[in-house]
Structure formats: C-alpha cells, structure tokens
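The lines below spell out each chain.
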Amino acid sequence: MIVLLRRLVDRVPAMAVALLLLAACAPISDSADDRLQAGSASEAASDGEAASDGGGAAAGAGGGELTYAAAPPNTINPHMMSSLGDIHTVQPVVNYLVRLGQDLSLQPDLATEWDSQDARTWTFKLREGVTFHDGSDFDAEDVVATFDRIVDPKEQSAAAGSFTFLEKGGTTAVDDYTVRFELTEPVGDFPAWVTAYQAAILPSDWSGNFEKDPIGTGPFKLAEYTPRQGAVFERNADYWEEGMPKLERMEAVYYEDFGAQITAIQSGDVDLMTLLPGDLVDTVPEGSGVTVLAAPSATHAQLTMRVDTEPWDDKRVRQALALTIDRQEIVDELWAGHAAVANDSWLSPVYGFQDAVDAEQRTQDIERAKQLLAEAGYRDGLDTQLVTYGGIGIFAQAVADMAEPAGFRIKIKVEPTDVYYQHWTELPLAMETWLHRSSVAQMPALSFQCGVDWNVPHWCNRDFDRLLKKLNATVDTGERAQIAGEMAAIMHEEVPAVIPWFQDTLSATRDNVSGYDSHPANFVDFRSTTVG
Amino acid sequence: MAGSAAPGLLRYFAKRLAVMLLLLTLVSVLIFAMVEILPGDIGNLILGQYATAENVEQVRRDLGLDRALYVRYADWMGGFLTGNWGDSWRLGTPIAPLIAGRLYNSLILASVAFTVIIPVGVAAGIASALRRGKLTDRVINGVSVVSITIPEFVSSMFLILFFSLLLPWFPSSARIPDGAGPLTTLWFLVLPIVAISPVLVGYIARTVRASMVTELEADYTRTAVLKGLGFRTVITRHVLRNALLPAITVIANQIAWLIGGLVVIENVFNYPGIGQLLLQAALVQDVPLLEAIVLILAAVLMLSNLAADLLYTAFNPRVRAQVAGGAA
Amino acid sequence: MRRVRALRRAPGVTMALLVLLVWVAIAVFWPQLVPYGPTEQELTSRYEPPSAQHWLGTDNLGRDIFSRILAGSRSVLIVSVASTTLGVAIGTAIGLCAAFYRGKVDELLMRSLDLLMAFPIIVIASVVLAMLGPSRLNLVVVIAVMLAPYNARVVRSAVLSWRDRDFVAAARMRGESGAFILFRELLPNIVGTLNVEYTLRLALSIFAVATLSFLGFGIQPPTPDWGLMVSEGRPFYQIAPWVVVAPAAAIASLIVAINVVAQKLRS
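Chains as they are written, first to last, in my numbering: chain A, 1 to 532; chain B, 1001 to 1328; chain C, 2001 to 2267.
Because the hints were derived from the structure by calculation, they are not lab data. Possibly wrong hints are sitting among the right ones.
Listed next, the in silico EDC-like pairs over lysine to aspartate or glutamate satisfying Cα-Cα at most 20 Å (straight line) [stated by the list, open to error]:
#: 1; chain 1: B; residue 1: Lys-1015; chain 2: C; residue 2: Glu-2040
#: 2; chain 1: A; residue 1: Lys-413; chain 2: C; residue 2: Glu-2040
#: 3; chain 1: A; residue 1: Lys-221; chain 2: B; residue 2: Asp-1178
#: 4; chain 1: A; residue 1: Lys-411; chain 2: C; residue 2: Glu-2040
#: 5; chain 1: C; residue 1: Lys-2264; chain 2: B; residue 2: Asp-1137
#: 6; chain 1: A; residue 1: Lys-411; chain 2: C; residue 2: Glu-2042
Owing to the predicted nature of the structure, the values given are computational and were not obtained by experimental measurement.
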C-alpha cells in the first residue's frame, strides 16, 4: 500500500497538470450560449449516454431549449400561490379562463366569450377540444370545481380575499361548455378578476397535490420539480393552440438572490431572467449580450404609514414624508427610466383613467415638508424606523436619504421576505411592492378598504369605500374613470401610503432568445419563445 | 490485526459508539429546545403573506403546536427514528427527500474535492518536508498562509470574474444538469473546488510536513539509514506510514467542513448543497427542517470522526496496542 | 522584551504592524478623514469609476467608496476585537478550570467543546444569527462562543504542562485556594501563549465577521460594512469591479497583517 501511495505521490504533479489541461480543454466558444449545448453534446459523445435534446435532434417545434432563472417557489399549488417564484414555475403548466394580455387586454384563453346583463350574473362559454395533461377532457365541471376550491374557506386559498363576491356553489355548469357565475354583488369588470394568477383551471378530480399531479392544460408539462432547486418542463405536444409552444424543453433554475442570477445571465448559464430588479438594469448594458425587456405596469412600491399610531396619525406628517421624495430622480436613476412618476394613489396610467384625477403631481419640496412637520409639532424632526425586505432595500435607502433634509431620521431594517410578511400588517412604517392587478378596483379593495386584512395603513375612509362600491357596480368606462379619479384624489390628499412610482415590469433575456416579453403583472408566457 | 487485540478494540469502539449516540441525543434535545422556544409566526410562513388570522390559528392547531413541549419532543424523536421526518413548514413537502437530495449533492462536491485536495495536500507536505528550509518549502508555506487569509467569498467571486465572465471557460453557477456524466460534472465543479481547495490543502500539507519532519529526525530513521537501507526505502517503508497518520485526523475534520460548512461557496455558486438548505431554513425559521438538518449534520460529523478514529487506531500499532490492551 | 526586539528586526512584520496601526488610526479618526459622508447618496453618479472626486469610485447609490471603506473599519475592528476578547476570556477560563481540576470536570468540558468544535463556525454562526436576527451584539456573542473552544484547548494544554511543577505543589501545601493558584500562579506563566492565541483568534474573528456580513448577518445597511459592500456590489462587479475590489482588499489587508504578526509571535 505504501508503495502505491508513493507512486501516487510521484505522479501528483503530472496529475495536476493533466487536470488543468483537461479543464482548459473544456469547450471554449465565442458565444457563451454555445457552451451549454457543447457541454451536453460532448458529454453524450464521451459518456455514451443519450443526449437530452442538446443538438436539436427532436422533431417538432424546433424552438430549442431554454434555461431560465427564477426565485424558488414556496409552493406550486396554483390556488395557494402568493409570490412571483410560485407564479414563474406554475404558469407554463396551466391556463386560465381569461388571459391577461401583455397589452393589458383581456384575451380568451379557456373561455371563448363572456357576457352579463347586470354585472351580477356572468356567463362564460368554454373552449372545446382541450385536454388536460393526463388525457382527460376539459369541460365546465372543471371550472366549477376550480372556483369552488378557490373560494372555499377550508382550502385557505390566497385568492379567496380577491373573490369576496363569489361563494362556494356560486359557480354552476349550464352545460358541458357553458359556466355561470352568480356573484353576491355586481362587479362591473368580473372577467378581469378571473385572470388572477391563482385561478388556474385544474381538473375536477384533481388530488390537491400539484407536486404529485401537476395536471393543467398549459403549453408545458411539469416533468420534474425539486423544491428550492429547479424544475424541468417538456413540450405539451397536445396543446390546444396551433403551433405552440415552440420550445422543446425548458429548465428553471432557482436562485435565492439576484447577485447569482445576474452572474448567470451574464455568463450565459441561463438564457432568461423572469424578473430583473430596476436597480440592476445597469449590470446588463447594451452590447453585453443581454436584452432588457420592459412592460409598463401598475406595479408599485408603497411606503405605508399606520394612520392609527403616532406620528403617522397626523395627516400633515404623512404629507410631509410624501413631499420629501424626488420621484423623477428615482425613476431616472434607480429605474433607468423604466418607471412612471406616481402621485400617491394606486391609479396607474396603464389603467387609462389618469386624466380624471384632479390632483396636482406632488414633487419634492423640502421646505414645505419641514413646514408641515413643524405645524404638526415636530420642529426638530422625528426619529423612526422603516422596515422592509431585501429585494427593495436599496429603494428604502434612497427614500430614507431623501427624507433626511426635512428632518425625518429614518433607520432602516431589512428583513428576509418571509419574516417581513409575518408581521407586515402591524408595522408603523413599512415598504413593500404591490404587483399589478388586472382590475382597477382590485388593488384598493385589497389594501385600502376599511377593515380588510391587508390594509397595512389601517386606513378607514367612508367616502373612499363608498366610491369603491360604486366603481364595482359601474360598467360604463367613462363613469368608471370619474369614480376612480375621485378615489385617487382622496388618497392623494389623505396619503395613507406614499406611492412614488409605478415601475415597469422588467425581465432580461440573452440576445439569442426571441418570442418573450415582459408582462405587466409579471406573468410568464413562453408559448412563442425560441432560443438560437 | 492481531487476533488477541480484537476484543479490546471492539470494546473500545463499542464504547465510542455509545458515547456518540448519547451525544446525538443531547444534540437533539438542545436543538429542539432552542428552536421551539423561538418567536415567529408559523402560520404566516406556511400560508404566505395573504393569510388571515383565523387560518393562522387553524394551522397552529393542525400542526399540534398547542401541545406540551415534551410531548412534541417525544413525537418528533419517535418520528425521526422511524423514518418519518415530517414536512417542511415553508414548502409543505416531506423533509426526508429534500435533505437526502441536498446531502447527496454535498457529498458529491466533497468527494470530488477530496480527490484533488488529498493528493495535492499530501504531496505538498511531503515535498516541503523533504526539502525543508529550501525554496520549495518556503513557497508552499507562503501560498498556504495567503490562501488561508483570503475569505472564500472573495476568492470565489474573483474566480468567477476571471474564469467565467471574462474568459468564458467555466459556468458561473455550479448547477449540474440532469443526467450529466462525470466529465460534465467535473467541469461544473472546477471553480468551486479551486475556491475551496487552498485552505484545506494548506492544512493537510502543514500537518503532513510537521509529522514527516518529526519522523525524519527521529532516531530510528537515522539508524536505518546508517544501517545501510537506502534513503528511499526508509521513507517509503517507515517514515511515510507514520507521518501520514495524523493527516487522517485532519481529513476527518475537513469532512465536516466540506459537507455542512460550505455555506458561502454554495451561496456564490448557487450550488444546491445542504449548507444552503440549512441557512434558508434558519432564515425563515422553518423549524422541522432546521431540526432535521442539524441532527443529520451532527450524525455525519460524529460518524466521520469515529471512522477517522477507527482508521487511525487500526493503522497505528502503538495506539492499537494501548487501546486493545487495557483502556476500554 | 526580547520578543519585541525580534519583531522589529523582521521587515515583513514591521510592515504588518504598520498596516494594523494605520487601520486602528483610521477606525478612530475616520470622521475627520472622510471627504464625503459614508451614507451620502448621489443618485445621479452611480457606479462612477475611481477619479479625482471619488478616489475609489462610487457605489450603487452614488456613495463615495473611499469614505465607506474608511468608515467601515470601525465596526469591523470593534466587533472582532470585542468578540476575540470575549472569546479568549471565556476560553481561557474554561481551559484553566479543565486543566486544573481534571477528572470529571475536564472530561465534561472537553467533550462539550469537542461537540461545539465539530460544527463549522460559519454554519453555527449563520444559523444562530438567522434565528436571533442580525445585530452587532449578537454577532459579538456568537463569534466569541465559536472562538472559545479553540482557545480553551490551547490553554488547557499549556496549563497541563505547568501544573505539576513544584511551585504549584508548594502553593497547595500553603493552603492556597484553587482560584488563587489558577490566577496568581498559573495564569502569568501562560501569558505568552495567550498573546499568540489572541492574535490567531483575532484573524479568525475578522474572517468570520467579513463572511457573516457578506451573508447578510452582520451590520445592516446603510451603515458601511466591508462584507456587506462586497455582497451589494456583486451584481456589478463585471462592469464596476472597484465596488468589490476595494472592500475585498481592505478585508484581506487586515487579515494578512494580523496573520503575519501571529506567525512571528508563534516562532
């Protein structure tokens, strides 16, 4: 044994050199994208294992294979989803009744048409000839089962809060391909609500466990899923839309933070990032091999202030904070222009109603802010703490820094996202991002209506709530604009939350990826995507 | 091994095993107590940010968190020993396959790393001992000192910068694709291993060097050489065998580090190892997952120490005699 | 005294001591030395390369990196010195007791320490800090607890070699208490070992502080912290490497300097 060891020792320098040579001989290519395919091809050749579609051997769509980076899902049960990571893994596998288009239009997905006379009873006609991944046919029973599950309090779906006007049993199958929804109150734009990301249509006999039974009607089948690690998708050859999807295979790789994701897309390890934070746009400039895709949206960050605690119970203090922020500078510098200035209400320009808002655009006015603070009794400024989570820490820092000259001495506390959301509704001063909602009435209903669970500012304004009800009951667009405008003006004046910008949804792909675009609600749509 | 020594040896190792099990139980109690006392709302963790108050309470009851502490401990330990490790709070999926997968990844990384680290470390140690005081020795020592002082997160990032971004030779994420063969796996692991190796190589080299020097300067070596045995023969037959023994202990210690301690490497290279899983579990206070991982890591560590002891004793005649003879 | 003279004769060590001195001075006087406030943002000048206005360039919020490096020295040094001192104190106490009392006490202590030492430092530290929440105090305590066992081991062996000397026996015959013997007779003899130990642990402590703040468990933003700066600058280091190089070099210089001194003290 000693002799062997000695021989080994003698050979170590040689071995080291050999190892280095081997490493150096790894495929060196001009384009980083070739690297991954070259790797799998050489492995197939030398190891004699079947290549997994590396060289476009499969017949069919010919769109290639895509690897994308995303945050790890916390759950892939479609009805329980609540974070982007969840959405980015589940959506390629499912369809909805109505699809929210990239241009914010409502497009028929599994429903072909819809109608209502009184905004309380809605009838949807369903598409025929669609099959689930397990071969069963799609029909009205599946829709009924899906929505019953979503609104069933026992299921504890995160979407239940959105569908307060629908009860279990309120969805019925008129015939095999017609569904009727009977709502408890009129909702003028109900079709927009069914685009909610949790409303993925699943089979009526679905087991409840998506990891074991990932049965949807979507363009891709979930072939493998390893929690917090990655997922593999395969083309659904029986997908109901002609010529889609184009990709043969997709792989999702999960990253816990953006630093590694950026490096991965820069080096070509991944072809696509489903979400690119605004402050990292500069890491992938023109000519770096990466394309940034932007879609204007209603997504925004809220600087929420508990109006039932000091010092935020004084409207003047809230207005003062709103006046310290240089919104245009944040839009220009931290979003590289991929955002729009907001005026402390949820009403984003993408809804098309902004002309009806009768309120002057707030801009930075430190003097006025100081004045207001003094009037409220804080002549020497005030000390407070802003709690937020890692993903938007940099914006919190920017905002806190801007508020300083006016006398706000803000300490920042950055928590892991999960921890933040364990107590976010109790925080006196907090900052979080709210995703785009397809219906203009959804966001205020979720976060500014008196008494709802996610009303972080604990704000209660009778006029606002009254107008919200009216908004839901109104179908005429012109009238809806008026009402929304009034609501926005109230928010602008009362400032339950400072809303400085509406950010574009940003994603990134390597230059050789086409057929993918950012979606305002950060949904993912790989149907027409191709690589190479 | 001498037949008469066997019973003594067996008794010794039986005793060590018993102590190990006792310690593991202690660890399990400690980790359970520590973690269960923590604040933090499980309901929100499981149900996500849109959970309502009643749902959260329901979850607490469903998980049996309103029972007494010792009842929960007994339940947990019982389940653990029978293979039922429960579900992760955050993910809702069974813990056992989750840990198994990550542990497997960490083991792969550790094994591949060792195939580089052990030969290089031993060779470096031998070389510096044989040429002690000369240039080779100085260089190896210098490199060793420098490599220990550079934190892994710094060296990893620069390796990626140079060999993945500027020179597109290697992948920047160590995400080995499904069904990859040994060569592809190696290619993905090159950068992480280069980042990890210097420190460990340094430790092994220094240990080997020190013990070799002791052996080289021992009387028996000189005697052997004087007696006419060739220098080479002396080295290979006597010196090496004795000198390499302490290296076994060092390597055993490193196993612990290579399996559970690569939190930074796993973070920078996005490698799905057990270290990252532990960190994530701790960050969100996913209690069952946290407890399970700590216990498993403790078991792995103790087992590797025990194995190292076994090897050391088996190969070292002096210690073997001591152990077999009396100290049971 | 001989040791100090020996130190001065070696140029490498002198340089190292100089580096350390400079960092300590910076940690104390940085408010007077910085050209900009370390948390002063200038959103319109993000990621500027080193220039006459910003010697080390600017970071992701337009803050001056040079000022942040200077300001960051204070927390690194305070936390590592505090944790090392605490750790060495705890470890020495444990080591002294174990070595002096021997028997069951020794067994128990050493076995528990073995247990603690089996786990990699960063793992235990990250887990505990993840659960307790990051704060300077937690950081100091956690690192101190991780350092103590190594120290205890060394102190224990050192004391063991002195324990059976005549003067100890003499003290015992005089009827001196255990504590007296420990602290008045034995401790002074191992001061030399302690010095070496302290510097070695200090190097390890700085390493741990940097790594833990890189992982996000140390000082919280916007307070400047070297490890955190490396972590925040990571997505940008291909287009703006100075954001990462500067803090990394600062960390390395401190660790190398201390290690050089430690090596010298050892021999």
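Here is how each hint holds up against the structure:
1. Lys-1015(B) - Glu-2040(C): violated (63 Å)
2. Lys-413(A) - Glu-2040(C): Given pair Lys-413(A), Glu-2040(C) holds - Cα atoms ~18 Å apart, limit 20 Å.
3. Lys-221(A) - Asp-1178(B): Holds, at about 17 Å.
4. Lys-411(A) - Glu-2040(C): It holds: about 14 Å lies between the C-alpha atoms, which stays within 20 Å.
5. Lys-2264(C) - Asp-1137(B): holds (17 Å)
6. Lys-411(A) - Glu-2042(C): holds (19 Å)
The structure is inconsistent with hint 1 alone, although it conforms to all the rest.
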